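Per this note's numbering, the sequence shown starts with residue 402, numbered consecutively.
One or more hints might be untrue.
As the list claims (entries may be wrong) - Taking lysine-lysine and the DSS-like style, the derived pairs with C-alpha atoms no more than 25 Å apart in a straight line are:
#1 K427 x K462
#2 K606 x K621
#3 K517 x K718
#4 K516 x K668
#5 K578 x K527
#6 K527 x K462
#7 K662 x K645
#8 K681 x K530
#9 K514 x K527
#10 K526 x K568
#11 K490 x K578
#12 K462 x K526
#13 K469 x K681
#14 K621 x K645
#15 K427 x K546
#16 K621 x K578
#17 K657 x K526
#18 K609 x K578
#19 K527 x K621
#20 K681 x K568
#21 K442 x K514
#22 K442 x K543
#23 K621 x K668
#24 K565 x K530
#25 K546 x K606
#26 K516 x K442
#27 K543 x K565
#28 K452 x K517
#29 K517 x K621
#30 K568 x K606
#31 K527 x K499
#32 K668 x K606
#33 K578 x K606
Unchecked claim - Simulated restraints on C-beta separations:
#34 A682 x K490: 44 to 52 Å
#35 E467 x G541: 19 to 27 Å
#36 E467 x F598: 21 to 29 Å
#37 K578 x R699: 27 to 35 Å
#38 N631 x G439: 18 to 26 Å
#39 N415 x N693: 27 to 35 Å
#40 A504 x N415: 40 to 48 Å
These are calculated hints, taken from the structure and not from any lab test.
A quick note: this is a predicted structure, and the numbers were derived from the prediction, not measured.
Note that the Cβ used here is the ideal one computed from N, Cα and C, for glycine as well.
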Amino acid sequence: MILILSTPNDDDTNLVMEHLSILHEKCIRINDLDLFTGKTKMHLELRPQPKWFVENIFLEKVDLSEVKCVWYRKFGFFEKYKEKLENEKNIRMLDYLKSEHTATLDVIFDFFKNKKWLNHYSNVKKISKIGNLIEAQNTGLKIPKTYITNSFDDLNQEQSYITKSIKDGAVVNIDEKIFPFYTSEVNTKAFTHYENFFPSLFQEKINKEYELRIFHLNGKNYSMAIFSQNDKQTQLDFRQYNYKNPNRFIPYTLPKDIDRKISVLMKNLGLNTGSLDMIKATDGEYYFLEINPSGQFRMTSLPCNYNLHYEVAQYLKSINQ
């Protein structure tokens, strides 16, 4: 049996499950939010042997000891559960609930630690944006000049930089206004009056020819070019979608050397799947930016006819033997 650890409203999970059904592979899905709001009932007992049962409106009581492999898709984000606690304003109570949330996840992951995984949770938990940049550079991939600093003193004021989150981007809601954290350009001359600030990530601004989104699965890379530089709204971050005039997406063949280095990088990080972002620069070089182990891949699969949901289902079937 295949266990999928996901989150509500993830279309990639839905499409893979459709293919698994066609392939006659038994699978069950547990959504993190459903687990922590009680929509999915769980019961873990330790004696005489550890057993874990789950049940919801879609599942009769299931003994998860029958699971052979686990797909760690999108699972365990406390922020989604925190939204359900909108009336709880006590910071210490929220910290306590977060620690209990984390402890519960650790119990769940430990229960399946010796199963076969599509992205083992322990490797995903070790992933960091800076660590990935260092490992990519060690693999031979080029990366932008990158700094984490709380002062502009060490940055070249004649150069343009971009800034983005050191960890994960977020969308913050303040007084009913939404503030998404996109990649933004920074002109250091305009901020000379700031003596210091919260430690922030800066990278040299790379003049791009186009962006690349690469989905990796079990040693194989599926690449797509995104012509985001043709639109001022998406030049710095294509996630600032222009729905009236969408970017052009096309299938892309990576140079063999870059393709090989990406596969080596993913192997070194212990990831057998994930979505990578790169830039093909106007200087002809390829620059690695970051990896999202749980990145959505429908946006790569559909424009390029890669049928990635079927490929993921086939891989899960192969390790479920």
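Hint by hint, here is what the structure shows:
no., hint, in the structure
1, K427 x K462, "holds, 15 Å"
2, K606 x K621, "violated, 29 Å"
3, K517 x K718, "holds, 11 Å"
4, K516 x K668, "holds, 19 Å"
5, K578 x K527, "violated, 33 Å"
6, K527 x K462, "violated, 33 Å"
7, K662 x K645, "violated, 37 Å"
8, K681 x K530, "holds, 19 Å"
9, K514 x K527, "holds, 15 Å"
10, K526 x K568, "holds, 12 Å"
11, K490 x K578, "holds, 19 Å"
12, K462 x K526, "violated, 29 Å"
13, K469 x K681, "violated, 40 Å"
14, K621 x K645, "violated, 34 Å"
15, K427 x K546, "violated, 47 Å"
16, K621 x K578, "violated, 41 Å"
17, K657 x K526, "violated, 30 Å"
18, K609 x K578, "violated, 32 Å"
19, K527 x K621, "holds, 22 Å"
20, K681 x K568, "holds, 23 Å"
21, K442 x K514, "holds, 21 Å"
22, K442 x K543, "violated, 47 Å"
23, K621 x K668, "holds, 11 Å"
24, K565 x K530, "holds, 11 Å"
25, K546 x K606, "holds, 9 Å"
26, K516 x K442, "holds, 22 Å"
27, K543 x K565, "holds, 19 Å"
28, K452 x K517, "holds, 18 Å"
29, K517 x K621, "holds, 19 Å"
30, K568 x K606, "holds, 19 Å"
31, K527 x K499, "holds, 19 Å"
32, K668 x K606, "violated, 28 Å"
33, K578 x K606, "violated, 29 Å"
34, A682 x K490: 44 to 52 Å, "holds, 47 Å"
35, E467 x G541: 19 to 27 Å, "violated, 43 Å"
36, E467 x F598: 21 to 29 Å, "violated, 52 Å"
37, K578 x R699: 27 to 35 Å, "holds, 29 Å"
38, N631 x G439: 18 to 26 Å, "violated, 48 Å"
39, N415 x N693: 27 to 35 Å, "violated, 19 Å"
40, A504 x N415: 40 to 48 Å, "violated, 29 Å"
In this structure, the hints that do not hold are numbers 2, 5, 6, 7, 12, 13, 14, 15, 16, 17, 18, 22, 32, 33, 35, 36, 38, 39 and 40, in rising order.
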